[in-house]
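S.K.: Residue numbers (the numbering used here), protein chains in the order written: chain A, 1 to 509; chain B, 1 to 524.
Hints were generated in silico from the structure; no laboratory data involved.
One should not assume that every hint holds.
Over the 10 Å line for every Cβ pair with chain B, so calculated as not near, a few chain A residues [said to hold, decoys possible]:
| hint | residue |
| --- | --- |
| 1 | 68 |
| 2 | 98 |
| 3 | 138 |
| 4 | 166 |
| 5 | 443 |
| 6 | 446 |
| 7 | 463 |
| 8 | 474 |
For lysine to any residue, the following SDA-like pairs were computed, each having C-alpha atoms within a straight-line distance of at most 25 Å [said to hold, decoys possible]:
| hint | chain 1 | residue 1 | chain 2 | residue 2 |
| --- | --- | --- | --- | --- |
| 9 | B | 163 | A | 388 |
| 10 | B | 163 | A | 80 |
| 11 | B | 163 | A | 210 |
| 12 | B | 163 | A | 309 |
| 13 | A | 174 | A | 302 |
| 14 | B | 163 | A | 306 |
| 15 | B | 163 | A | 302 |
| 16 | B | 163 | A | 283 |
| 17 | B | 163 | A | 174 |
| 18 | B | 163 | B | 286 |
Keep in mind that this is a model prediction, so the values were computed, not measured.
Backbone N, C-alpha and C fix where the C-beta goes; we use that ideal spot for every residue, glycine too.
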Amino acid sequence: MTREELFAILPLLVLTAGIVLLMLQVSFRRGHRAALVTTVAILAATLWACFSVGTALPASGILAVTSLFSIDHTALFFCVLMVMAALAVAILAFHHLESRGASHAAGSFPEEFYILLLLVILGACCLVCASHFASLFLSLELMGLALYPLLGFAVIGDESPQRDQLLSLESAMKYLLLSALSTALSLFGIALVFAASGALDFSAAAAALREAGPNGGILTGGLTLLLIGVAFKLSLVPFHIWTPDVYQGAPTPVTALIATVSKGAVVALILRFFTQVDLFSLPILSTMLAVMAAASMLVGNLLALQQGNVKRLLAYSSIAHVGYLIVAFLIGASAFGQEAVIYYLVAYVLTTTGAFAVASLVADAAQPSIPGGPQPIGNAGEDPFQVEFYRGLFWRSPGLACCFGLMLLSLAGIPLTIGFIGKFYVFAAGVQGQMWLLLATVVIGSALGLYYYLRLLLVMLQRDAESRDVQPAAIQVAVSGQLLVVSLTAILLLFGIFPQLLINWINAL
Amino acid sequence: MTLAAIIAVLFFGGIVAWLAERFRPGASRWLTLASLVVGLVLLVQLWGGATPGTAHQWWHSLEVAWIPRFGISFFLAVDGLGFLMLALTLLMGLFGLVITWSDIRFRRGFFYFNYLWTLAGVVGVFTALDLFLFFFFWEVMLIPMLMLIAVWGHEERIFAAIKFFIFTQASSLLMLIAIVALVYIHFNASGQVTFNYQDLLGAQLPSTSAWWLMLGFFIAFAVKLPAVPLHTWLPDAHTQAPTAGSILLAAILLKTGAYGLLRFTLPLFPEASVQFAPVAMAIGAISVVYGAILAFAQRDMKRLVAYSSVSHMGFVLLGLYALNTVAIQGAVMQMVAHGLSTAALFAIVGALQHRLHTRNMEQMGGLWTELPRLSAIALFFAVASLGLPGLGNFVAEFLVLLGSFGVDHWTTAFAALGMVGAALYALAMMQRAFFGESRRTTSAADQKALIDLNLRETLAMLVLAVFLVFLGLRPQPVFDTAAPAIARSLAPVTAREAAVTNSSTTRPATAANWPAAKHKGETP
Chain A
1 MTREELFAIL
11 PLLVLTAGIV
21 LLMLQVSFRR
31 GHRAALVTTV
41 AILAATLWAC
51 FSVGTALPAS
61 GILAVTSLFS
71 IDHTALFFCV
81 LMVMAALAVA
91 ILAFHHLESR
101 GASHAAGSFP
111 EEFYILLLLV
121 ILGACCLVCA
131 SHFASLFLSL
141 ELMGLALYPL
151 LGFAVIGDES
161 PQRDQLLSLE
171 SAMKYLLLSA
181 LSTALSLFGI
191 ALVFAASGAL
201 DFSAAAAALR
211 EAGPNGGILT
221 GGLTLLLIGV
231 AFKLSLVPFH
241 IWTPDVYQGA
251 PTPVTALIAT
261 VSKGAVVALI
271 LRFFTQVDLF
281 SLPILSTMLA
291 VMAAASMLVG
301 NLLALQQGNV
311 KRLLAYSSIA
321 HVGYLIVAFL
331 IGASAFGQEA
341 VIYYLVAYVL
351 TTTGAFAVAS
361 LVADAAQPSI
371 PGGPQPIGNA
381 GEDPFQVEFY
391 RGLFWRSPGL
401 ACCFGLMLLS
411 LAGIPLTIGF
421 IGKFYVFAAG
431 VQGQMWLLLA
441 TVVIGSALGL
451 YYYLRLLLVM
461 LQRDAESRDV
471 QPAAIQVAVS
481 GQLLVVSLTA
491 ILLLFGIFPQ
501 LLINWINAL
Chain B
1 MTLAAIIAVL
11 FFGGIVAWLA
21 ERFRPGASRW
31 LTLASLVVGL
41 VLLVQLWGGA
51 TPGTAHQWWH
61 SLEVAWIPRF
71 GISFFLAVDG
81 LGFLMLALTL
91 LMGLFGLVIT
101 WSDIRFRRGF
111 FYFNYLWTLA
121 GVVGVFTALD
131 LFLFFFFWEV
141 MLIPMLMLIA
151 VWGHEERIFA
161 AIKFFIFTQA
171 SSLLMLIAIV
181 ALVYIHFNAS
191 GQVTFNYQDL
201 LGAQLPSTSA
211 WWLMLGFFIA
221 FAVKLPAVPL
231 HTWLPDAHTQ
241 APTAGSILLA
251 AILLKTGAYG
261 LLRFTLPLFP
271 EASVQFAPVA
281 MAIGAISVVY
291 GAILAFAQRD
301 MKRLVAYSSV
311 SHMGFVLLGL
321 YALNTVAIQG
331 AVMQMVAHGL
341 STAALFAIVG
351 ALQHRLHTRN
361 MEQMGGLWTE
371 LPRLSAIALF
381 FAVASLGLPG
391 LGNFVAEFLV
401 LLGSFGVDHW
411 TTAFAALGMV
421 GAALYALAMM
431 QRAFFGESRR
441 TTSAADQKAL
451 IDLNLRETLA
461 MLVLAVFLVF
471 LGLRPQPVFD
481 TAAPAIARSL
491 APVTAREAAV
501 TNSSTTRPAT
511 AANWPAAKHK
521 GETP
């Protein structure tokens with residue numbers, strides 16, 4: 001390994017060193033706030049590392065670090081995106097844990113949350129740089145293994161109500177089992193690819209694919225299995241069954257994490273994988289993706305119509321959004337396709353983080369007033385995750401509701417928001433690929449989607465709160481939470497109104 | 001800059017109005033009024049640009065690069081047609097504000113914020129000449145309208161708001177696909193990515209693609225218009241919206257559909273439009289008759305007026321797709337006249353509902369004795385709506401029928417039945433609500449409380465009445481203003497038509513007047 005190669009993986013090294021540092025810090029002196037500060041510092045250092053590596057890359061823009069990783073501007077861009085999302089999650093997690101007695105309750109260990117969070121980000125950053133099946137598998141597993149305890153964090157980390165603990169445990173178990181299944185499938189797929197090509201790095205697989213042509217049964221079979229494993233992580237229909245339960249049960253910051261970082265990293269991976277191995281030349285994979293995308297858009301949106309729980313609603317909506325993203329993905333290896341996917345991904349990560357952030361902060365604010373115990377809350381108006389809880393929010397907390405409303409409009413793809421530009425990219429990509437049936441599905445899906453986003457939006461605007469005897473109080477959110485939501489909204493509007501800024505960055509990759 | 005300034009005044013006026021209401025209750029109304037007046041003053045300044053004979057087809061334009069990646073620019077321009085629509089927009093905005101001056105109690109600041117943003121979006125729609133920007137404004141005007149219906153509407157407001165939004169949004173996604181596909185085809189042919197209207201006018205399209213793209217645009221505009229199978233959002237939205245919202249919807253938002261057809265669908269897809277014209281005319285004629293029949297069957301007065309809009313806008317569709325100058329002039333006139341008359345009718349229904357707390361005509365009756373002023377004004381606008389000669393609506397409908405008759409006798413004859421229907425529903429409304437015995441169930445004490453229109457409301461209504469009489473007696477200024485824009489929109493169509501029929505039978509005169517080359521030379 002040369003000096004250049006070591007320097008190129010600086011972001012990964014910083015993250016790794018940071019994890020060790022944080023572990024040491026926690027073992028010597030526990031402190032919730034101190035752990036958060038260290039985490040934010042580590043993430044900031046990682047950001048700095050990403051940028052400094054980006055300026056130092058050779059003129060070709062690609063640097064192979066052994067055969068395991070290959071660093072290029074796109075990978076660094078995704079790293080930055082993941083780390084930004086992690087910053088947001090760290091802030092949300094602080095409020096989440098604080099409001100559940102992290103600092104004062106005995107037997108509460110909130111600091112571990114941040115170690116696990118950094119591990120997830122390390123896995124995600126490795127995944128977007130991977131150029132070898134071994135690194136792909138290891139980083140996927142690293143991400144997964146760190147996510148299991150995070151999903152079940154309500155059980156060990158603090159004094160959450162028993163109801164939350166049960167749901168959280170259920171969520172972790174479901175994710176563990178189904179993720180193990182998908183891992184087994186992708187491992188088997190990798191084994192088949194190895195059997196057919198005799199090598200494990202992407203370029204060798206690409207060479208084997210060129211040689212075999214479309215008839216290489218074993219190779220195609222292996223790739224298909226691998227794609228199924230990926231579809232599990234992306235929760236594409238029909239591999240989406242785990243999504244709503246896991247999203248609902250997990251602590252909300254973890255839900256945001258799994259919806260953005262985990263999915264985003266996998267999208268970045270398949271973007272590189274498909275381009276490098278030229279998998280778009282295999283019609284079976286494209287057809288499979290197209291069918292899964294169409295099914296995701298329809299099923300995700302249709303099932304979201306039925307949901308009364310905000311987290312479940314957003315879970316189904318995220319299934320549909322990955323469906324839209326795959327439409328842009330399908331136009332293949334062209335530069336425009338890549339640009340469209342990246343733009344849509346940024347829009348998706350930004351908006352989904354924002355939406356879950358609001359849901360999380362609202363729930364934290366309501367935490368002291370909701371009853372404990374293992375039973376579900378009977379009154380929908382008191383459960384902070386029910387749509388009913390948001391009734392009249394616009395009149396009580398106009399700022400928060402405005403931000404949430406804009407997030408919802410962005411998810412629905414309405415102009416002035418980044419979601420609209422993302423949807424525009426999807427349409428442009430679909431037109432370029434002449435995928436009229438898929439575009440028709442996007443239109444149907446969006447029309448269905450509008451219904452539930454609008455319903456939530458209009459519930460916030462309900463005015464009959466005026467006539468009630470007892471006015472529900474405004475929702476008090478801590479300053480850092482407000483700052484987070486407002487800055488996410490500001491970025492959402494900025495890139496919605498002046499998309500050229502972001503397009504320039506993406507095109508510079 | 002003036003165009004951008006009008007939009008900016010409305011946008012920022014909305015924000016300021018919202019904020020000001022927190023500090024000083026009632027301030028938002030005055031700020032709204034001020035924004036609208038400033039907007040009107042700016043608009044009047046544009047009139048000076050109308051110098052006939054210059055090479056520029058736009059009176060005034062502004063072009064700033066916005067998203068160079070896709071050749072999208074912030075391109076606003078106004079010509080005669082745009083000017084008419086802008087004037088209608090701002091005047092009706094003013095009318096809606098004045099007539100509902102003291103109606104809004106709940107969250108007044110936010111109401112006027114939405115009100116002004118709707119208007120700003122509509123002004124954007126009428127001036128945008130970049131297809132992406134057009135779509136942008138097309139959507140921007142919907143959200144505040146949605147809020148107006150959903151927050152300040154009547155009983156079924158949430159249902160109506162969502163239905164309105166999903167209908168328009170889903171159909172406009174079809175338009176977005178058509179826009180992107182049009183740009184893509186143009187890009188493949190010319191190597192230039194642009195959303196600029198003037199560049200896209202020259203796009204060479206394969207005829208099958210042109211047909212599908214035209215359909216994408218047509219559906220979006222037909223939903224907004226609305227034309228018959230796609231009209232079902234309209235009665236709900238209009239009925240449930242607050243009075244000011246109904247005025248905006250009926251007087252302005254419906255016109256965006258007709259404007260889009262004239263500005264975009266016809267000139268961008270001339271060949272496909274010629275092929276599609278018989279179908280569109282049939283849809284228009286069916287809308288006319290169907291709207292009239294359903295209007296006659298309503299008990300809810302607001303619903304009656306809403307269905308009468310379907311009927312009147314059917315005339316617009318019929319006139320536009322007759323594809324000749326006379327009929328399209330009629331259609332433009334109908335857009336203006338219908339805007340005025342329907343706004344007034346909605347204001348009257350709103351005033352009645354404010355006083356009687358019902359829209360059900362079965363509980364009215366005999367109101368003339370109690371509300372003579374309101375009833376007289378209602379009679380005036382009812383007969384305007386049925387097309388009494390001497391008023392704007394008559395000129396419009398007459399021209400549409402005149403222009404269409406030469407194209408398709410039977411469809412036009414069928415549509416003319418709608419005039420009979422209009423007489424039926426308008427007079428039936430008058431008879432049920434204002435004449436005969438009082439059927440009101442309220443006590444005598446309540447009846448005394450009925451107050452006739454006050455001075456502010458009467459004046460606002462009378463201004464509209466004067467406008468309608470003026471349009472009826474001297475329609476020529478409107479025709480002159482709109483003529484160049486109509487000619488330009490029609491030029492590619494008639495050229496294509498002339499090429500097909502060898503300028504043999506139906507419209508030789510118009511085809512000879514407007515050869516295709518003239519239009520192309522005018523592009524600045």
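S.K.: Taken at face value, is the distance from the CA of residue 286 of chain B to the CA of residue 163 of chain B at most 25 Å?
M.R.: Holds, at roughly 23 Å.
S.K.: Is residue 163 of chain B within 25 Å of residue 388 of chain A, Cα to Cα?
M.R.: holds (21 Å)
S.K.: For the pair we were handed, residue 163 of chain B and residue 309 of chain A, check the Cα-Cα distance against 25 Å.
M.R.: Between residue 163 of chain B and residue 309 of chain A the Cα gap is close to 23 Å, so the pair holds against 25 Å.
S.K.: Per the stated criterion, does the least C-beta distance between residue 138 of chain A and chain B lie above 10 Å, as a non-interface residue requires?
M.R.: holds (37 Å)
S.K.: Would you assess whether residue 474 of chain A, listed as outside the interface, keeps its beta-carbon beyond 10 Å of every beta-carbon in chain B?
M.R.: Since the minimum Cβ distance to chain B is about 15 Å, residue 474 of chain A lies beyond 10 Å and the statement holds.
S.K.: Just checking, residue 463 of chain A versus chain B, shortest CB gap more than 10 Å?
M.R.: At about 6 Å from chain B, residue 463 of chain A fails to clear the 10 Å cut-off, so the statement is violated.
S.K.: So if I understand the rule, the pair passes when the alpha-carbon distance is 25 Å or less; does residue 163 of chain B with residue 210 of chain A pass?
M.R.: The hint is violated at about 52 Å.
S.K.: For a C-alpha distance cap of 25 Å, please report whether residue 163 of chain B and residue 302 of chain A respect it.
M.R.: Cα-Cα ~17 Å, so holds.
S.K.: Are all C-beta atoms of chain B more than 10 Å from that of residue 446 of chain A?
M.R.: Check fails; 6 Å does not lie beyond 10 Å.
S.K.: For a C-alpha distance cap of 25 Å, please report whether residue 163 of chain B and residue 283 of chain A respect it.
M.R.: Status violated; Cα separation ~40 Å.
S.K.: Minimum C-beta separation from residue 443 of chain A to chain B exceeding 10 Å: can you confirm that?
M.R.: violated (5 Å)
S.K.: In terms of Cβ atoms, is chain B entirely out of 10 Å range of residue 166 of chain A?
M.R.: holds (34 Å)
Going down the numbered hints, you'll see the structure goes against 5, 6, 7, 10, 11, 16, 17, while the others check out.
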